[in-house]
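A.B. asks: These are the residues of each chain, in order.
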Amino acid sequence: MKWDAPATVELAREHGLSQKEYERILSDLGRVPNLTELGIFAALWSEHCSYKSSRIHLKKFPMRGPRVVQGPGENAGVVDLGQGWVTVFKMESHNHPSFIEPYQGAATGVGGILRDVFTMGARPVMLLDSLRFGALDASRMTHLVDGVVRGIGDYGNCVGVPTVGGEVDFHPSYNGNILVNAMCVGVARADGIFYGRASGPGNRVVYLGSKTGRDGIHGATMASDVFDESASAKRPTVQVGDPFTEKLLIECCLELMGDGLVVGIQDMGAAGLTSSAFEMAARAGCGLTLDLSKVPARERGMTPYELMLSESQERMVLVVTPDNVAPVLDVCGRWGLDAIEIGTVIPESEVVASFDGRQAFRLPLAPLVDEAPRYERPWVPPVPAAAVTLPKLHDRDWEADLRELLASPVFASSRPIWQQYDQSVGASTVVGPGADAALQLVEGTNIGLAATTDCNALACSLDPFNGAAQAVAEAVRNLACVGAEPIGVTDCLNFGSPENPGIMGQFVAAVDGLAEACRAFEVPVVSGNVSFYNETSGTAIQPTPTVGMVGVVPEVRCRPRSHWQVGDAIYLLGPLEGELGGSRYLQIVLGLEAGPVPGVDYEAERRSAAVARELVRLGLAAAKDLSDGGLAVAAVEMSAGTVGCKLTLPSGVSPVRALFGEWRGGFLLTAPVPLEPALERACHGLPLTRLGIAGGTKLVVAHGRKTVLEVPVAELAALGEKGLGWLYEA
Amino acid sequence: MSGAGRRPRVAVVIFPGSNCDRDALAAVELVGGEAVPVWHQSADLAGCTAVILPGGFSYGDYLRAGAMAAHSSVMTAVRRHAADGGPVLGICNGFQMLLEIGLLPGAMLMNRTLRFICRDVHLRVERNDLPLLGHLASGQVLRLPIAHKEGNWFAHPDVMREVEAKGMAALRYCTPTGELDDGANPNGALDAIAGLVNVQGNVLGMMPHPERRMRALLGGEDGAALIRGLVEAA
Chain A
20 MKWDAPATVE LAREHGLSQK EYERILSDLG RVPNLTELGI FAALWSEHCS
70 YKSSRIHLKK FPMRGPRVVQ GPGENAGVVD LGQGWVTVFK MESHNHPSFI
120 EPYQGAATGV GGILRDVFTM GARPVMLLDS LRFGALDASR MTHLVDGVVR
170 GIGDYGNCVG VPTVGGEVDF HPSYNGNILV NAMCVGVARA DGIFYGRASG
220 PGNRVVYLGS KTGRDGIHGA TMASDVFDES ASAKRPTVQV GDPFTEKLLI
270 ECCLELMGDG LVVGIQDMGA AGLTSSAFEM AARAGCGLTL DLSKVPARER
320 GMTPYELMLS ESQERMVLVV TPDNVAPVLD VCGRWGLDAI EIGTVIPESE
370 VVASFDGRQA FRLPLAPLVD EAPRYERPWV PPVPAAAVTL PKLHDRDWEA
420 DLRELLASPV FASSRPIWQQ YDQSVGASTV VGPGADAALQ LVEGTNIGLA
470 ATTDCNALAC SLDPFNGAAQ AVAEAVRNLA CVGAEPIGVT DCLNFGSPEN
520 PGIMGQFVAA VDGLAEACRA FEVPVVSGNV SFYNETSGTA IQPTPTVGMV
570 GVVPEVRCRP RSHWQVGDAI YLLGPLEGEL GGSRYLQIVL GLEAGPVPGV
620 DYEAERRSAA VARELVRLGL AAAKDLSDGG LAVAAVEMSA GTVGCKLTLP
670 SGVSPVRALF GEWRGGFLLT APVPLEPALE RACHGLPLTR LGIAGGTKLV
720 VAHGRKTVLE VPVAELAALG EKGLGWLYEA
Chain B
49 MSGAGRRPRV AVVIFPGSNC DRDALAAVEL VGGEAVPVWH QSADLAGCTA
99 VILPGGFSYG DYLRAGAMAA HSSVMTAVRR HAADGGPVLG ICNGFQMLLE
149 IGLLPGAMLM NRTLRFICRD VHLRVERNDL PLLGHLASGQ VLRLPIAHKE
199 GNWFAHPDVM REVEAKGMAA LRYCTPTGEL DDGANPNGAL DAIAGLVNVQ
249 GNVLGMMPHP ERRMRALLGG EDGAALIRGL VEAA
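Chains as they are written, first to last, in this note's numbering: chain A, 20 to 749; chain B, 49 to 282.
If you're looking for bench data, these hints aren't it; they were derived computationally from the structure. All residues carry an ideal CB built from backbone N, CA and C; glycine is no exception. There's no promise every hint is true.
[Claimed, not checked] Chain B side only, calculated, beta carbon under 10 Å to chain A, not exhaustive:
{"id": "1", "residue": "S66"}
{"id": "2", "residue": "A75"}
{"id": "3", "residue": "Y107"}
{"id": "4", "residue": "D109"}
{"id": "5", "residue": "R112"}
{"id": "6", "residue": "A115"}
{"id": "7", "residue": "A118"}
{"id": "8", "residue": "S121"}
{"id": "9", "residue": "M123"}
{"id": "10", "residue": "T124"}
{"id": "11", "residue": "R163"}
{"id": "12", "residue": "A264"}
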């Protein structure tokens, strides 16, 4: 089919457009589009680019705050850090490509999120990855884990941005649709932020970076469709990454922006040149002319259709004043990058492209961007999972239960993953992976920049509203463990098909839960991404609204610890008992995915997080938040497999709720004995219990006078090391 | 310190794909040197009296780590500087370049796990009689991070004999208490070699990253002695 052949309704359907959508195109244009124009409509109206099913709900997020410099709508959000610095961050999914081709899918996911950040003028300084895999014995699963980890590592390591955090979880609902959510955090001077705007008629459009190839065509439409058994046939729609070129692009673009040589800048991400051209023009209220014959092509004979829709990686669009074109091309040449002028900014709101001396397409901006379809999809509110009758949980073998929990892949040490990532390039990492949150110093200052990703998808599957709110609360606690105050959220909302009212109901409830919690903690949402259609052959993933939260420590004075030391006093800040509904204990030990998942007690969470944050900042205590696996798992983590402890639970409490209960929003705090009075003073008025002392080599827990646990911590830690240890040999 | 003009000038060579250049520049400044970025196409070393070849993925490590960088124009100046006895420190990718241009013997293989490894290692100081290592005690144990996929140093037995005979092994992977043990060797390097010096003692290549350990807040200051040694030798 020739690129300028007239479109038909069948072709529209093959491009993922509905009959109604095609009819709207005909009426908006007042004519039949050609095939290239149809491809452009299909890409920009895809769920991935248009957010057509989600946009009306996303408005519910709090998006403003005293620190917000730029909220959603740009390539990434921007939040003030103080002292003339800002942080720029975003999280994005690369789920579908990673399932088809894990190495390149994950690698290009990292590449894409890096570009979203440096295109704003910020130097990327941290990467985090939130990963979800299926059962390890599911088909292709170890191959997928291995490929994703190598892909993330090879890309981030080469570009020289440290991977400092993230999370990984396993559940059979991801057997046919894994999740790869990559988050990038950058820093910039407050006056050094650039936007993706093609403003100033007469200004020139410059293409920068890799040549355009035939890879990735239809990537955006693929990401907007469900999978079936033929998923592997979509491999040609997966892009291939080149981190070396990305590194050159980072340095080249930061130099161009630092020298004030560009007016606007954006990467070519999903839907390639199409989305960058149309979005940049729409944001500026201008239009563009493009000469597609000038686009550097990787092979001969590429058509306007392919040039507009290719998702070849490591490409940027710059808007430059006519006088600056030559200096821009000079800088690009010094970095060994291809750059060429391909168009001009015009006052009319349209994009007009020529090819081989004749018009390839002429499309108005409004129907494609600002007036793209928005749907209020029908949805059914989810019914939160209720409690089930539990067996008697009094005199159990707690040691066996703890061992079973720790041996599960869910609690496996992620060291075999992050040891393959450069965690310290940039020489700024104060706290790296394996802790509750990552902490870095902002270049040349003692400002601490912290980040974490969190989502308990099990809880979200049982109760999307409370589960999503709990993810926000957990992120706040994790930041507190490194002394950081939350200042902004980016989210990556992974769900099944929005055309299923039940799934859409999960989405709406999760958005409501996130919105309520972000409002309660006064943390604005400044960027994000929605990934629908995460299902294969009718089976949807657990709803997974991943929260990426960024925090600040105005001045880092000491290095937060995440382990206790011999002789430390151990305290529990928070209730002695947690809830079993939605807990890992029920899921893993009893094989029950049952509710209820409680809501967040915002007042209590805010107060305890504020105290923990202050204690950590002052170096008075080490903190670990209580979340998955409860107190018992937190204690094993704080032991680092070397230093044991002796803890006593009051005889009145339920041992199972005390050891394994979740959702209590507390912290384990540890401090050297001389600092105990200071710690107790700081926690005045909050529920604080002194549980015992660190020392010895065993985790010893007494319930009243009865010893209920006595296990060498080295054995417990070894259980966790086994889970993903095979990655070293794979 | 007697004024900015008198600070020893240390060149940090920037290749396309270098990614530890900024860290090396900052480290030099931190110990009182004047850090000078030198572009890979430069014909000279901008009047510097010491050189750092920094870590990273020069030319994406395509072909072989350090292989393309070895042919950069600046390498002529680096060679001349080294031949004149000037101090050179190659870190990670920079060490790989020193092997490629023949300033140090041997070659790098992939780590024996065939994987990129980033973690702290312990290093035993085998030579402290050279200016570059003068701030260290012989047998001292350092803790520094490694971050590489190709750090498994290898050499022909004849070369190995020369390395032994001439005391070219400067740093060896070891246990926290300084013993050599295969379990403490992260990548399978022959004879646990983490760092090498040339016969003249003015060229040091090492896989671990001293420039990342200059401050206690960032996990330790064990790297500072090495960077200071270079700056003072300049």
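A.B. asks: Work down the list of hints and note, for each, if the structure agrees.
C.D. replies: These are the hints, each one checked on the structure:
1. A least Cβ separation of about 8 Å between S66(B) and chain A falls short of the 10 Å threshold, and the interface hint therefore holds.
2. With a least beta-carbon distance of about 7 Å to chain A, the hint placing A75(B) at the interface is held under the 10 Å criterion.
3. Hint on Y107(B) holds. Least Cβ distance to chain A is approximately 7 Å, under the 10 Å limit.
4. The restraint placing D109(B) at the interface with chain A holds, with a minimum CB-CB distance near 7 Å, inside the 10 Å limit.
5. Given the 10 Å rule on beta carbons, the hint for R112(B) is violated: about 14 Å separates it from the nearest Cβ of chain A.
6. Hint status for A115(B): violated, given a least beta-carbon distance of 14 Å to chain A, over 10 Å.
7. With its C-beta approaching chain A no nearer than about 17 Å, A118(B) sits outside the 10 Å limit, and its interface hint is violated.
8. A least Cβ separation of about 14 Å between S121(B) and chain A goes past the 10 Å threshold, and the interface hint is therefore violated.
9. Given hint, M123(B) at the interface with chain A, is violated; its Cβ is 17 Å from that chain's nearest Cβ, farther than 10 Å.
10. A hinted interface residue such as T124(B) counts as satisfied when its beta carbon comes closer than 10 Å to some beta carbon of chain A; here the least separation is about 20 Å, so the hint is violated.
11. The criterion of a C-beta within 10 Å of any C-beta in chain A is met by R163(B), whose closest approach is roughly 6 Å, and the hint holds.
12. With a least beta-carbon distance of about 7 Å to chain A, the hint placing A264(B) at the interface is held under the 10 Å criterion.
When held up to the earlier numbered hints, the structure conflicts with 5, 6, 7, 8, 9 and 10 and fits the remainder.
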